[in-house]
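Heads up: the sequence lines are chains D and W, in that order.
First residue of the first sequence? That's 1 in the working numbering, and the numbers climb one at a time after it.
First residue of the second sequence? That's 570 in the working numbering, and the numbers climb one at a time after it.
It should be emphasised that the hints constitute simulated quantities derived from the structure, not laboratory data.
Don't take each hint at face value.
What the hints assert, rightly or not - Calculated lysine to any residue pairs in the SDA-like style (CA-CA distance at most 20 Å, straight line):
| no. | chain 1 | residue 1 | chain 2 | residue 2 |
| --- | --- | --- | --- | --- |
| 1 | W | K911 | W | L731 |
| 2 | D | K42 | W | P698 |
| 3 | D | K42 | W | K911 |
| 4 | D | K42 | W | V688 |
| 5 | D | K370 | D | A499 |
| 6 | D | K450 | D | V486 |
| 7 | W | K885 | D | L341 |
| 8 | D | K370 | W | P693 |
| 9 | D | K147 | W | P698 |
| 10 | W | K687 | D | L341 |
| 11 | D | K441 | D | D379 |
Stated by the list, open to error - A few chain W positions that, by computed beta-carbon distances, are all more than 12 Å from chain D:
| no. | residue |
| --- | --- |
| 12 | K612 |
| 13 | V623 |
| 14 | S628 |
| 15 | F705 |
| 16 | Y812 |
| 17 | A819 |
| 18 | R825 |
| 19 | L831 |
| 20 | E843 |
| 21 | L861 |
Claimed, not checked - Pairwise CB distance ranges (calculated):
| no. | chain 1 | residue 1 | chain 2 | residue 2 | range |
| --- | --- | --- | --- | --- | --- |
| 22 | D | T372 | W | N716 | 56 to 66 Å |
| 23 | D | L137 | W | S713 | 27 to 37 Å |
| 24 | W | A600 | D | I439 | 30 to 40 Å |
| 25 | D | I161 | W | S713 | 34 to 44 Å |
| 26 | W | E769 | D | P216 | 43 to 53 Å |
| 27 | W | A600 | D | A235 | 53 to 63 Å |
| 28 | D | G506 | W | P741 | 54 to 64 Å |
For every residue, glycine included, the Cβ atom is placed at its ideal position computed from N, Cα and C.
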Amino acid sequence: MTDTTTSAAITEPIVPKPVSGTVDYLDQRVGAASMIKGLSRKLFPDHWSFLLGEIALYSFIVLLLSGFFLTMFFVPSMTEVHYPEDALPVTMQGVEMSEAFASTLNMSFHVRGGLLMRQIHHWAALMFVGSMVVHMLRIFFTGAFRKPRELNYLVGFSMLILSLLAGLTGYSLPDDVLSGNGLRITDGVVKSLPIIGSYMSYMVFGGEFPGTDVIPRMFTLHILLIPALILGLVALHLFLVFWQKHTQYPGPGRTDKNVVGYPLFPVYMAKAGGFFFIVFGVLALMGAFMSINSVWNYGPFDPALVSAGAQPDWYMLFLEGSLRLMPGQPEFVILGWTLSLNVLIPAVVIPGLLFTFLGAYPFIEAAVTKDTGEHHVLDRPRNAATRTSLGAAFLSVFIVLLVAGANDLVATHFGLSLNAITWVLRVLFFVLPVVVFVITKRICLALQRKDREVVLHGHETGTVRRTADGRFYEVHQPLDEFERWVRVGHHVYRPLQLAPAEDANGVRRPGGRLDGIRTTLSRFFYEDRVEPVTPAELATAHSHGEHDQLPAGESSRVGELTSTSGTSH
Amino acid sequence: MSSHEQQPSTEVARSGTDGRLPERFENPGLAPHRHRLADSDPKVSKRSERQVVVIFLISVLASIAGVVGYFVIPLDEPSILDVRLSTLVIGAGLGLGMLGIGVAAVQWARALMDDAEKVEDRHPMSAGPSVQQQAFEMLRDGGSEANIARRPVLKGAVGGALALAPLAFLVPLIGNLGADWDISKFARTAWRPVRGGDPERYYQGQYRYLAVDPQDRRIKASEITNNNIVHVIPHGLPEEEHYLEEKAKAVVLLVRVDPGLLKESAERADWSYEGIVAYSKICTHVGCPVALYEQQTHHLLCPCHQSTFDITDAAKVVFGPAKRALPQLPIAVDEEGYLYAKADFDEPVGPSYWQRER
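Kindly produce the complete structure, drawing on both the sequences and the hints.
Below, the structure is given as structure tokens:
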């Protein structure tokens, strides 16, 4: 034994020599041992819904790989060329088109695997945005955005916006009729911006639409700037997940002060690493078997052409729907300046409001609860009834806009009047969120009461007993303490009781007005609530036998809000 | 703590007898771990191992098949079938190759790796008031060493320099992006009468002939049959500079309707010719081509957002998100019966913009 190294690997052969050697080498240079110590056995909680963010991450990696392949063959130029007479597809031979379109055709028909990579790239893009949205819904509905994760929520929110931009710029690159009209709509929207709109249009297109600059510019944005920003945010996002440790679903033994799960090495490396290959595999199979964006069917861009029944990629559909729903009247000329509210409202104001709600929600809820504690145990959506209902109402607006974006297809497929559909959707845009809010809230509260019911009286077994004196009753199976904990462990917020804005002498106190808003909001959020069963309630329920009612007046608040509990048999 | 087989309710009831129940239930701690069959039965775990190996093998075979597919299906002189086959084989090879690795790894983790959940403590994000205090002190010390306090001019100078320096980068960038920034081009199209124009393209060297898109063939009024739509560009435009930009503004739809149906205002009475009217094809909403014509109703429909325009009534909006009517192109015929434009549109075509009425 030499004294030049003090590595533990020499004294005790815990790991094979190549491993200890590598770790020793890296440790002496970059301190690898403490990194391994800190990270390798770090615990991650397990739940299927935690895979949603992983799908987004892996789709993004697939996007980078397939995108790199495509850049090797794509020519981002709007120079007009004639497609060769001997090249596929036959319908495009000799047609005048931009180099961008020609190189897209060439890579689809004459580069082996090129069409595959184009289709993988497109499917991966749809999957990327889709999984981000669903991941965000999971975060929203389980309250994972609460302190200390508000900032990471904003990082994710920024990535969503950037991914929409990535989609828009990438979709435009092949320079086909569909994407060209997409750009044209973008131009129309940009022009509607007050004062600067016309100049912004010039800025995007390097002059008048379509010009010859927009595709090279979008190419650079699409392959360099936007992915670099997303990559940076991905790194920050993941770092914060590590640093703050992952949230966990409520369950026995799980608290805000611990993490219950499996270690990174080996379980998560195998599961998460394996999941990358699953996502890649599925996307590759989609690219192999499911045709997407066959641009040769649309032809090269021509400002006079458009195809009916065309929809943008799904993540842009809500904007399209918003534009379609808006009536045309609110365009005004004020002192000679044109204000196009019929474009501004659907394309800027409504998406702005929707995204502001999403981005601001964690801060609104924090203000309403005045809760300054750290939350690492997730909410079951039913236990945050108002949040869940707001989320559902938000989704209903989004879905109305999606349907509106496809109103022509709805009309042709179901043989309905396009104008009637549009009018129905215009009404639903305002009415549906309210209805969905109320219904969702009732469902959440009902589910909470059901939880109380099950905790107090156990599961129905379907076994009916007859007692010696002739009474019938159903045997209920009581919950064990682990099963029960999920239903009774959550915290219930109550409306804030803040001091009034004015004291008895009518003197305003500082911050009084803000507190007023806070109180009102807090009442909106937490006035309707169902308290979880307390040990006392459970004891009372049991002392009366499994099939007895909860006596009235046990707890006045609980009594009035849970009038259904205990009366169902 | 009671064992988990016991009915927990008895415990609550018991503690209830001395009248001191806790306000809330207490977290019972982790439920006891239930072992898998494979943990005790070596046969089961051996079978799981075989499954994992087989799935890895499928992956290996698929990857090989994908590479072989690359070589055996060349696309030098391809047919559509070759393209399709190549895509399928390479894609299936890549897909199954990847999927196999993923499924095998996950199955390995699920069936063979230790599945007992472990517990680790969390620590609050904040290191606490004493560390915060140290941080504040460091900031204070650093600040006082920088000697910035009570030097407002220095602060202002730093701020000013930092605010201005990026401008030398941003102004050239943004300044160049918009080329000549001449947004008055929005209001002019290739239909504008010229002086001394090519008589092939311009009637009397002044007024642009109408031509069929995309053949660029001049149109006689007599060719236009009743209630049919013709897509029109300025004659000779495809050979000119900025063809696409000009076309994006100048495309026109020509329709002949029964002159009795046309509701024409007095000042536009001579803009049509024997029931033939010409309207801009660019939607006044956000600029899509208004390409669909309903012969029964004489309505033009934009397929993008369904703005609907009535051809018989000055192309006014009857439904949808557009506000303004489609601009009308005044037309006439020359001695041989060819259609030409008497003037440019009297307003900018396409989507609205702030300076539109200026």
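These are the hints, each one checked on the structure:
no.: 1; hint: K911(W) x L731(W); verdict: violated (57 Å)
no.: 2; hint: K42(D) x P698(W); verdict: violated (27 Å)
no.: 3; hint: K42(D) x K911(W); verdict: violated (78 Å)
no.: 4; hint: K42(D) x V688(W); verdict: holds (10 Å)
no.: 5; hint: K370(D) x A499(D); verdict: holds (14 Å)
no.: 6; hint: K450(D) x V486(D); verdict: holds (13 Å)
no.: 7; hint: K885(W) x L341(D); verdict: holds (18 Å)
no.: 8; hint: K370(D) x P693(W); verdict: holds (18 Å)
no.: 9; hint: K147(D) x P698(W); verdict: holds (18 Å)
no.: 10; hint: K687(W) x L341(D); verdict: violated (57 Å)
no.: 11; hint: K441(D) x D379(D); verdict: holds (15 Å)
no.: 12; hint: K612; verdict: holds (23 Å)
no.: 13; hint: V623; verdict: holds (15 Å)
no.: 14; hint: S628; verdict: violated (8 Å)
no.: 15; hint: F705; verdict: holds (20 Å)
no.: 16; hint: Y812; verdict: violated (8 Å)
no.: 17; hint: A819; verdict: violated (9 Å)
no.: 18; hint: R825; verdict: holds (20 Å)
no.: 19; hint: L831; verdict: holds (23 Å)
no.: 20; hint: E843; verdict: holds (25 Å)
no.: 21; hint: L861; verdict: violated (6 Å)
no.: 22; hint: T372(D) x N716(W): 56 to 66 Å; verdict: violated (37 Å)
no.: 23; hint: L137(D) x S713(W): 27 to 37 Å; verdict: violated (49 Å)
no.: 24; hint: A600(W) x I439(D): 30 to 40 Å; verdict: holds (34 Å)
no.: 25; hint: I161(D) x S713(W): 34 to 44 Å; verdict: holds (41 Å)
no.: 26; hint: E769(W) x P216(D): 43 to 53 Å; verdict: violated (35 Å)
no.: 27; hint: A600(W) x A235(D): 53 to 63 Å; verdict: violated (36 Å)
no.: 28; hint: G506(D) x P741(W): 54 to 64 Å; verdict: holds (60 Å)
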